[in-house]
Each structure stands twice: as structure tokens, then as C-alpha cells.
Amino acid sequence: MDRVSNRAQRVMVARDQLAGPALEVAPKLLGATVVSEVGGERVVVRITEVEAYEGQDDPASHAFRGPTKRNAVMFGEAGHLYCYFIYGMHWCANITCQRSGTAGAVLLRAADIAEGEPAARDRTARAAPGRTATAVPAGKLASGPARLARSLGLTGSHTGLDLLSDDSPVRLTMLDPPTDYRAGPRVGIAVAAEHPWRFWLPDAASVSAYRPGGRKRLASRRQTGQP
DNA sequence: TTGTCGATTGAG
DNA sequence: TCAATCGACAAT
Numbered sequence: 313m314d315r316v317s318n319r320a321q322r323v324m325v326a327r328d329q330l331a332g333p334a335l336e337v338a339p340k341l342l343g344a345t346v347v348s349e350v351g352g353e354r355v356v357v358r359i360t361e362v363e364a365y366e367g368q369d370d371p372a373s374h375a376f377r378g379p380t381k382r383n384a385v386m387f388g389e390a391g392h393l394y395c396y397f398i399y400g401m402h403w404c405a406n407i408t409c410q411r412s413g414t415a416g417a418v419l420l421r422a423a424d425i426a427e428g429e430p431a432a433r434d435r436t437a438r439a440a441p442g443r444t445a446t447a448v449p450a451g452k453l454a455s456g457p458a459r460l461a462r463s464l465g466l467t468g469s470h471t472g473l474d475l476l477s478d479d480s481p482v483r484l485t486m487l488d489p490p491t492d493y494r495a496g497p498r499v500g501i502a503v504a505a506e507h508p509w510r511f512w513l514p515d516a517a518s519v520s521a522y523r524p525g526g527r528k529r530l531a532s533r534r535q536t537g538q539p
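All residue numbers in the first sequence are consecutive under this note's numbering, ending with 539.
FYI, nobody ran anything at the bench for these hints, they're computed from the structure. Treat each hint with caution, since some may be false.
Claimed, not checked - Label-pair restraints from in silico Cβ distances: (1) Ala-440 x Arg-319: 35 to 43 Å; (2) Pro-524 x Ser-412: 18 to 26 Å; (3) Gly-526 x Leu-487: 15 to 23 Å; (4) Arg-315 x Gly-496: 15 to 23 Å; (5) Arg-527 x Arg-315: 24 to 32 Å; (6) Pro-430 x Met-401: 39 to 47 Å; (7) Gly-400 x Arg-319: 38 to 46 Å; (8) Met-401 x Arg-315: 15 to 23 Å; (9) Ala-440 x Arg-494: 38 to 46 Å; (10) Arg-315 x Phe-397: 19 to 27 Å; (11) Glu-353 x Gly-525: 31 to 39 Å; (12) Gly-496 x Phe-397: 23 to 31 Å.
Just so you know, even glycine gets a beta-carbon here, dropped at the ideal spot from N, CA and C.
Could you put the whole structure together from the sequences, leaning on the hints where they help?
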């Protein structure tokens, strides 16, 4: 088989692996590699922590209430990038899954930096000018979804990129799924927090800390008149 | 058009 | 423990 067909074959296999429910796809992404050549800087990471977000059955998913301008890419073909803006200051990156017409995505929560640590460090320093641009441990540069997206230089302008295309400045390479990983509740969400839909590699330094979600308690407190 | 809230982070 | 800070979306 010639080189081009080999490549096409690899893409087909990867696309197929991503074309299922987020819950099944998420653990397969542990250990996978993301190459970012955004902004003229090359950063390569190995994914160590992810969360599954299903579509219209998952109240914590952006796709829960159906397609909108923001979440449109979640309803498209698997293997594309979905970046969203949160808390007025952070970007977070997802890889879409499922087949066209059905929403699903996997949030990238943490990664080890395999290449381009200086660039990731620069971006961290630039994000907090005048602040403690001092030694952030290498293992923490991409620990947490916003820090990971920042290390890779990803923003909303990159939403929709095909991570399986050789022409894309951001690319995903899937490896053999890991045999050893952990699962637990998703971080920071106020609804459907009971599902163990967060997956991580047990010995990775970059895995982020668990924080339960907030807010919802305030709303229910207001409704019930509880102090 | 307005008000509420968030898949977070970093400082105090 | 809390503020920062703004886009998306639901409720007017």
C-alpha cells in the first residue's frame, strides 16, 4: 500500500474510534498526543485527564438544549476541535465525538508537555503580566482545562479545526487505548455531578485536583427559602 | 433588551 | 474563600 493510502487508512481508523459516545471515547484519548503549531510555536502534549460530555441527555453538556451557534461543532463530524470561553477569561478545549447529527465531546482537562515547554511557559507568563511569572512546575503548566488550552495556544478561533487532518495546525494522534486508568466524578459542574465521567492516568503529575461544582446550591436555596 | 450564570484560575 | 470578567442563553 502506498504512503497516501496508509495515511488515509490511519485517519479512517481514528475517526471511527472517535465516532461513538463520549463516555466510550474519553478513556481512549488518555495517552494520545496533541500537536499544536498555532502562533508559529510548536507544543506537543500527552493527554492525561479528560471528561466525557454527552449530548442532549447530559444536563452538564453545552449541547443539552439542542444546537446553537456556539455548540454547532459538537453536532458535526467527530474529531474536530470545540473551544469555548468561560468565566470571562478562560478558553477550554474539547474533541468532538459521535456521528454527525448527534452531539458529544471530550473535554481535555490535563496533559504532560512533551515538547515546547518554553512556549507553554511564555504563554503562562503572558496570561498573568506582572504576576508571579516565576517557576511553575513543568507538570502543572497544562494541569486544568484552561491551562492546557493556554499552553497549546487555543482559543475560539480554532473551533472547528479537523484534528485528524495533516493540514490542520492542531492535530491529534491516537495510540493504543490505555489498559490502566481511573474514573471519578466530573469537576466543577452543578448538575449530573454524580456520574463518574472523568478519566485520568493514575501516575501523571499533571492530573488536576478535584473540586465539586457550586452555584446550583444557591439557586435551590433561593427557591426553598433556606438560609 | 436585560439578567443570570458558568466544564476556571490564582491570590489572600 | 473569593473576585475577576464577559459571552451565551433564557427570560422579559
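Checklist entry - Taking the beta carbons of Gly-400 and Arg-319, is their distance inside 38 to 46 Å? => result 41 Å, holds
Quiz item: Between Gly-526 and Leu-487, does the beta-carbon spacing fit 15 to 23 Å?
Solution: 36 Å, violated
Exercise for the section: Given the hint of 38 to 46 Å, check if Ala-440 and Arg-494 actually sit that far apart at their C-beta atoms. Expected result: Since the Cβ atoms of Ala-440 and Arg-494 sit about 31 Å apart, the hinted range of 38 to 46 Å is violated.
- Message: Taking 15 to 23 Å as the stated bounds, is the beta-carbon spacing between Arg-315 and Gly-496 within them?
- Response: 42 Å, violated
Return holds or violated for the Cβ distance of Met-401 and Arg-315 against the range 15 to 23 Å.
44 Å, violated
(Q) Quick check on a hinted range of 18 to 26 Å for Pro-524 and Ser-412, using CB atoms only. (A) 34 Å, violated
Go ahead and decide if the range 31 to 39 Å is satisfied by the Cβ distance of Glu-353 to Gly-525. With Cβ atoms ~33 Å apart, the hint holds.
**Asked** Do the Cβ positions of Gly-496 and Phe-397 conform to the proposed distance bound of 23 to 31 Å?
**Response** 26 Å, holds
### Pairwise beta carbon distance, Pro-430 to Met-401, judged against the given window 39 to 47 Å
24 Å, violated
Honestly, do Ala-440 and Arg-319 meet the 35 to 43 Å range at C-beta?
The hint (35 to 43 Å, Cβ to Cβ) holds, given that Ala-440 and Arg-319 are roughly 40 Å apart.
> Quick one: are Arg-315 and Phe-397 within 19 to 27 Å, going by C-beta?
Replying inline: At roughly 39 Å between Cβ atoms, Phe-397 and Arg-315 fall outside 19 to 27 Å, so the hint is violated.
Look at the Cβ atoms of Arg-527 and Arg-315 and judge whether their distance stays inside 24 to 32 Å. 52 Å, violated
This entry does not satisfy hints 2, 3, 4, 5, 6, 8, 9 and 10, going by the numbered hints stated previously.
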